[in-house]
Structure formats: structure tokens, C-alpha cells
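2 protein chains.
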Amino acid sequence: MIYKAMKIDNLLKQVSFIKEIDKLKYIQRKTKLFNSDRHENDAEHSWHLAMMTIVLAEHSDHPIDVLKVLKMVLIHDIVEIDAGDTFIYDTVKNHTNTDEELTAARRIFGLLPTKQAEEFMAIWEEFEEGVSNEAKFARSMDRLEPLLQNTSNNGGTWKEFDVSYDKVYNKKKIIKNGSTILWNYAENLINESVEKGILKK
Amino acid sequence: MIYKAMKIDNLLKQVSFIKEIDKLKYIQRKTKLFNSDRHENDAEHSWHLAMMTIVLAEHSDHPIDVLKVLKMVLIHDIVEIDAGDTFIYDTVKNHTNTDEELTAARRIFGLLPTKQAEEFMAIWEEFEEGVSNEAKFARSMDRLEPLLQNTSNNGGTWKEFDVSYDKVYNKKKIIKNGSTILWNYAENLINESVEKGILKK
Chain A
95 MIYKAMKIDN
105 LLKQVSFIKE
115 IDKLKYIQRK
125 TKLFNSDRHE
135 NDAEHSWHLA
145 MMTIVLAEHS
155 DHPIDVLKVL
165 KMVLIHDIVE
175 IDAGDTFIYD
185 TVKNHTNTDE
195 ELTAARRIFG
205 LLPTKQAEEF
215 MAIWEEFEEG
225 VSNEAKFARS
235 MDRLEPLLQN
245 TSNNGGTWKE
255 FDVSYDKVYN
265 KKKIIKNGST
275 ILWNYAENLI
285 NESVEKGILK
295 K
Chain B
95 MIYKAMKIDN
105 LLKQVSFIKE
115 IDKLKYIQRK
125 TKLFNSDRHE
135 NDAEHSWHLA
145 MMTIVLAEHS
155 DHPIDVLKVL
165 KMVLIHDIVE
175 IDAGDTFIYD
185 TVKNHTNTDE
195 ELTAARRIFG
205 LLPTKQAEEF
215 MAIWEEFEEG
225 VSNEAKFARS
235 MDRLEPLLQN
245 TSNNGGTWKE
255 FDVSYDKVYN
265 KKKIIKNGST
275 ILWNYAENLI
285 NESVEKGILK
295 K
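Keeping their order, the protein sequence lines are chains A and B. The first sequence runs 95 to 295 under our numbering. The second sequence runs 95 to 295 under our numbering.
If you are wondering where the hints come from, they were derived from the structure by calculation, not from laboratory data. Accuracy of the hints is not assured; some may be wrong.
No distinction is drawn between identical chains; accordingly, a pair holds when it is met within one copy or between any pair of copies.
Mimicking DSBU-like on lysine-lysine, the simulated pairs with C-alpha atoms at most 35 Å apart in a straight line are [unchecked claim]:
id, residue 1, residue 2
1, K113, K295
2, K261, K107
3, K162, K265
4, K294, K98
5, K265, K295
6, K265, K117
Take these sequences, add in the hints, and give me the full structure.
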């Protein structure tokens, strides 16, 4: 009976979390859908990274636990429900693990049962640190998706916000930490973008 | 060298698939976001089911491979890119595995390298059949999300399309195949909805 009551208590907390994270669908990113003028939201972005993870896992340079990578990409932007989306080429606000994001993680993951909340915090922090094999691959996915989008959108946010080749190259090169073949592909796309005149050198 | 060329060939196919499935973000469902008037799209829905899977997996009555359930819920609606969303209470068109959906699965999953295409087809079919432990749990997730949405939206699609208690109960009771505790919770929500007057008996 105590076991059952605990299960129900867990479930109620989990449902409140499930309802809360619906708000991720309202967080607009700067990037737009493929060949499109419509902004992408964080829930769509997270789904796409999860699909990319499943499809591209074979290209990881290191052995990875795919389930863990999936958890990372599915939850990595949930903090933005409170902290908002930070543009990767923002010159004022740094994207990395701000105090605001940490507070957000504690509040939102804290809706879950304690053990689960701790697991989610640890996974999110591991992603942000970018050191483990899983985090490296997850971060490759996070960098690759907008690159594919911008090249399909005639420059996309690079043109819109006047971002130069060097800045793009610097942000994108962490793809290499996860996968050499994906980085080779990405580097080609960046260089081609300069040739096509959709990214300025 | 042959190995590397094969890897690159795989990657190009995978990228074409990754671009194609972006279209899932345009497929509108009948249901709306929580406490909202905005329709949900299939990509957002799939992300939410993936999050629910991670969070609620402990409530499965049967042992499940969570990675497999995640793959199921992430890809289960991709066929709707070609076949469109079928409303679960539609009286004319049946939701189950139509010829149209099968053709769509073959075309879209067929963009992937052969082995991966076969894996995706098998996972999608397993989900549609609903027999394996993983499929049962994945389908519980798929039934539970709109139930939570409709109860948060003062009846939502039940009211909008004049759906009765019996129909809702019949569609929702397959939650029981995946999890007794989730079904008990869902059954309570349905009964409370009648009491609140947002679902007619």
C-alpha cells in the first residue's frame, strides 16, 4: 500500500511536469524551418535533434549510449521556458549555462520526484559541460541542425544578423568533437556557403 | 576507402531524410496545446510523447526497452507527412495502418540507407500492431497526451466535435494495456470530466 501511494505521488508530480513543459512549444528560436520563413520553436527543434541522433549515431567517433544522448537533446532546452532562447551569435549574452538557466533547471526539473529531478539535472549539466562522449555527440546535433537550416534558407540567420564566416566556423567546429565525418560534411557546407555568397568571409 | 565512401553515401541519404521530415512541423493535429487555443503539430506532439516516455516509464506494467519506445513515439506520425492527420474519432476514416500510410512509410523511410529504412519500417509496424510491450506503452503515451490536453481545455476536441463518453472511454482504455496505474489515473480523469460537464454521457 505504501508502495502504491508512493507510485501515485510520483505520478502526480510527473503529470505536473508534463503539463509545465508544454510551454517549450512557445519558445521561438531565431532559426527558421527548412526552406521556410516560419520560425522554429524549441519543442520542434528538440524533436528534430532526437531524430538526427537516431539516424546519425553511427557517425559518432566514440562509443555512445544513444538513450542518454536522446535524453540530453530532448531536455536540453527546457530551461529556456524560464530563461528564454539565447541566440548563439549574441554578442552580449553568452549561451553557456547562465545563473538564470540554472535557476530554471532547478525549478522545472524540481517538479519531478526527487530521484528523477536529480537525474535530469545531471543530464542537463553533462550536456552543458560537453565533456562526455554523449554530450559531445548531442552538441554536434545541436550545431548541425541550424547549419542545415541556414544553408537551405539562403543564409538564414547568418544574413539576417550579419554573422561572418569566422564566427560561424568557430561555433560549428565543436561538431568535430562528436564526429569527424559530420564535421567534414559541415565544413564543406560552410565553405560552399561562402562561394555561394550566402556567408561573408 | 570503400568503407569511407559507404559512410558518406549513408550520410547523404540520412541528410535528405532529416530535411524531408521537417515537414512534420506543418502537420496540424485536431487537439490543442494545454490551456490554449493553438493547435499542436505532429513534431511537438512527438517530442511531448518522448518526454512522457522518459518520465513515466517506471509505470509500465511490463519490462520495456525505453530506447525502442522512444524510437516508436518519435517516428510514429512521420507517415502523416504524406497521409495527413486522421482524427481519432473520425467516423469515416479509420486511424489504423491504412494503405496510404504504408505507401508514405515506404517513401519517407526509404530515403534512408537500406538497413536503417528496414529498421524504421519494422519499428513503425510494431507500433501500429500494438502487441509488443514497447508498442503497448508507446500507444498508452499517444492516448494519454490528448486526454490531458482536453481536460485542460474545458473538453477540447470532445466538445468541439461532439464526442461522447463511450467513444472516449473505448479509445482510451488501451492505456490499460501499457500501464494499470496510468489507466486508473486516466479513467478517473474521464469520469471527472463527465461530472464537470465537459464530456457528455
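Hint check results:
no., hint, result
1, K113 - K295, "between (45 Å within a copy, 26 Å between copies)"
2, K261 - K107, "between (42 Å within a copy, 29 Å between copies)"
3, K162 - K265, "both (23 Å within a copy, 32 Å between copies)"
4, K294 - K98, "between (61 Å within a copy, 31 Å between copies)"
5, K265 - K295, "within (15 Å within a copy, 57 Å between copies)"
6, K265 - K117, "both (28 Å within a copy, 27 Å between copies)"
In the structure shown, no violation is registered for any of the earlier numbered hints.
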